[in-house]
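Chemist: Next come the chains, spelled out residue by residue.
2 protein chains.
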Amino acid sequence: MDKVKVGLCGLGTVGTGVVRVLENHQARIKHKLGCEVEIVKILVNDVKKPRDVIIDPSWLTNDPDELVANDEIDIIVEVMGGIEDTNKLLERALKNKKQIVTANKDLMALYGQKLLRLAKENQCDILYDASIAGGIPIVRTLDDGLASDHIEKVMGIVNGTTNYIMTKMTDEGRSFDEVLKEAQELGFAEADPTSDVDGLDAARKMALLANLAFKMEIDLTDVAVKGIRDVTQADINFAESLGYTIKLIGIAEMHDHKAQVTVEPTLLPKDHPLALVKNEFNAVFVHGEAVGETMFYGPGAGSMPTATAVVSDLMEVIRNLRLGISGNTMIDPQFKRQLKTDQEKYSRHFIRLAVEDQAGAFQAITNVFSDRNVSFAKILQLPAEKEDHAEIVMTTHEISQEQLLNSLQALEKLDVVNRLISHYRVDGEES
Amino acid sequence: MDKVKVGLCGLGTVGTGVVRVLENHQARIKHKLGCEVEIVKILVNDVKKPRDVIIDPSWLTNDPDELVANDEIDIIVEVMGGIEDTNKLLERALKNKKQIVTANKDLMALYGQKLLRLAKENQCDILYDASIAGGIPIVRTLDDGLASDHIEKVMGIVNGTTNYIMTKMTDEGRSFDEVLKEAQELGFAEADPTSDVDGLDAARKMALLANLAFKMEIDLTDVAVKGIRDVTQADINFAESLGYTIKLIGIAEMHDHKAQVTVEPTLLPKDHPLALVKNEFNAVFVHGEAVGETMFYGPGAGSMPTATAVVSDLMEVIRNLRLGISGNTMIDPQFKRQLKTDQEKYSRHFIRLAVEDQAGAFQAITNVFSDRNVSFAKILQLPAEKEDHAEIVMTTHEISQEQLLNSLQALEKLDVVNRLISHYRVDGEES
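The listed protein sequences correspond, in order, to chains A and B.
Per my numbering: the first sequence = residues 280 to 710.
Per my numbering: the second sequence = residues 280 to 710.
Accuracy of the hints is not assured; some may be wrong.
The list treats identical chains as interchangeable, and a pair is accepted whether it falls inside one copy or across any two copies.
[What the hints assert, rightly or not] Calculated lysine to any residue pairs in the SDA-like style (CA-CA distance at most 25 Å, straight line):
1. 557 x 656
2. 284 x 695
3. 549 x 314
4. 399 x 304
5. 624 x 708
6. 615 x 307
Keep in mind the hints are simulated off the structure, nothing from the lab.
Quick caveat, the model's predicted, so the values are computed rather than measured.
Let the hints inform the model, and build the full structure from the sequences given.
Modeler: What follows is the structure, given as structure tokens:
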């Protein structure tokens, strides 16, 4: 195999980037692979539209068959987006034994497991690192670099939109609604921001990362998700005064062969490496048994980072093809799927209560906790704006989810408690 | 090739770790490579010594020839340390067409270029990622993951000992001497700490990373080095009051096809990702034209992180062997070596002066700078402990090395300036 032939689906900003990267780095790529890579067909809507990049016009086509049913083509690189039609196109490509590289996160979220299974049946690879965290090679790292380590925890900021919003709320003291509107105007957030701000996008990615890290089948429905809509300036300020920053954090953990995966607004110590990841940047923190703590930080999206990630995946696919190990992307889960129960889920929490400012209130509240063996790291009573009212803000030591829920239920029944204002998970080592 | 056979030199903590990792991950490694890996010989000093790991006693030998002259063996994994004898052993192995993986940073610093050349002549690889930053796969990332990007800047904390010392000095307000002594007692610093605290170890690593990043031959002598011996508590406090943290930072930059590589105590904004890298941790920040900013963070050393990195390198060597592209580790420099002159080196600086507290002193000093077109970001005059004396602390905007040196010379000639106390580079984007 002297030359590998590629069919490119899509020639928008990412597709154009892929063409450029391949052109500019031809010599280096040959050096690293021992063979050449050539684009022979590009699927576009309009073959006559002027393009930003110099290409042979004969490459362009609007007929998918010229790619997926083309015997000459070894690999399909999909950077055109879309879900239903794209899924069908990739299914046909796999049945024709084409290797696949895709940057399509919506497609992988919906049809990823199915496509991976079909790829395996056809001895093909699907590489999708570009769909997870743009410029961060986290799939490859979990799958390869840390292959020889037992991974205990993966913790990350895997959604750029929500991190942008949380950063602006924290640094500029602005409200969620105001920052969301700005992010939409700047193109960092979609017109319908639900999938981002409610944590679904992050949850899909965490499910994929947990699969890879723990070699266990984890579905989206196994992820406990809470978005950032309800996080207020007051929450951010109280967290700050206790030494924490609030971020939307995905956490996948494994203890005693049981997994727990969550996505929720989480308090991190201000000097935790993830606390400093700002704006639309992503970062993934991995704790391995042997390696200890490692972190990967980079742009979560953007057309050039994505194009670069696509080319890295393309190189990996070619390497596998030449090694005769294509079809190994989908790893049959090595371990039986076991999830933690509420009794087994342990973490720290931040709790904010609106209370009556009267004698015995504080006592009544702390009794609820001590009856359930919940102990505090920090506790703070502050006067509220309304007379005769106060706020209590506290962080707990490690408690089970069951202890937390029991305590919150009991608190809501107390006369002196007006309202449970908010509660968040606390994570990250205190320095 | 169904089975790749490995000779392991050394069975200390790293060697034992390598044996364990290979044993525990045999299935996964086969899956990723399409072949098995087997250790067949281990070179040790004492074949009778009891070992922490279960091994076939017939593997053990104290005769190097049983490894390097053994036709059965494909790959030598060197984790025994030492320089002269080890160099000779690896030279013989290469002449016998053995592939090499090494974690030996002192050896690579002294004989790396020579060994890489010999490897190339013999169509062999030498992989040495474990020798650079322990658990961070930075060589692989520069060489592979970001292969398809132009790298503009590599900036990192690549020496754990100095980062440990700077962290303790900053967080606990202790002196260099005191912290160094503690680090020696804890085993984080060598009895002779010269190579670490004077920045040489970091300089060697930055030279290697600059080679990889810029595809240009950069030698140790091309790196401008300044260690941390002279950094005082007062420097740290003044930096802090201006919003900066002092770290020993290696910077390799490329503009207009000209490189500059430095290792020196550097002020970074307190919220820069590298400013939060604490204790013995390492981190490398890479700025690529397409990808933008990415950062890799992890333990700089330690026997299990190193063993894991060694096994990752071993897998890469096997992959290359099977792809028929062994011997490509040494890349002939693609670009002509061009270094920046003092007129072309631009950066920001922090300068501390002891001055006479008299009318016109401040004016005389600022005149020196303005005559040389140096403008300030921040400037601060403070009374010193001695009467009639003061200190001036300032940070400049970007100026050339030439402007800096000229200004400092002129200042030292001024009667009102008693002493140039210290000056450091300032880097990292201000938020």
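Chemist: With reference to the structure, classify each hint as holding or not holding.
Modeler: The hints, checked one at a time:
In this assembly of identical chains, residue 557 and residue 656 lie within 25 Å of each other by CA distance solely across copies; the values are 24 Å between and 27 Å within a copy. When the C-alpha separation of residue 284 and residue 695 is checked against a cutoff of 25 Å, the pair qualifies neither within a copy, at 72 Å, nor between copies, at 72 Å. Taking the shortest alpha-carbon separations for residue 549 and residue 314, neither the intra-copy value of 48 Å nor the inter-copy value of 46 Å comes in at or below 25 Å. Proximity of residue 399 to residue 304 under the C-alpha cut-off of 25 Å is restricted to the inter-copy arrangement: shortest distance 22 Å between copies versus 30 Å within a copy.
Taking the shortest alpha-carbon separations for residue 624 and residue 708, only the intra-copy value of 17 Å comes in at or below 25 Å, while the best inter-copy value is 40 Å. Taking CA atoms no more than 25 Å apart as the test, residue 615 paired with residue 307 passes between copies only; the shortest distance there is 17 Å, against 42 Å inside one copy.
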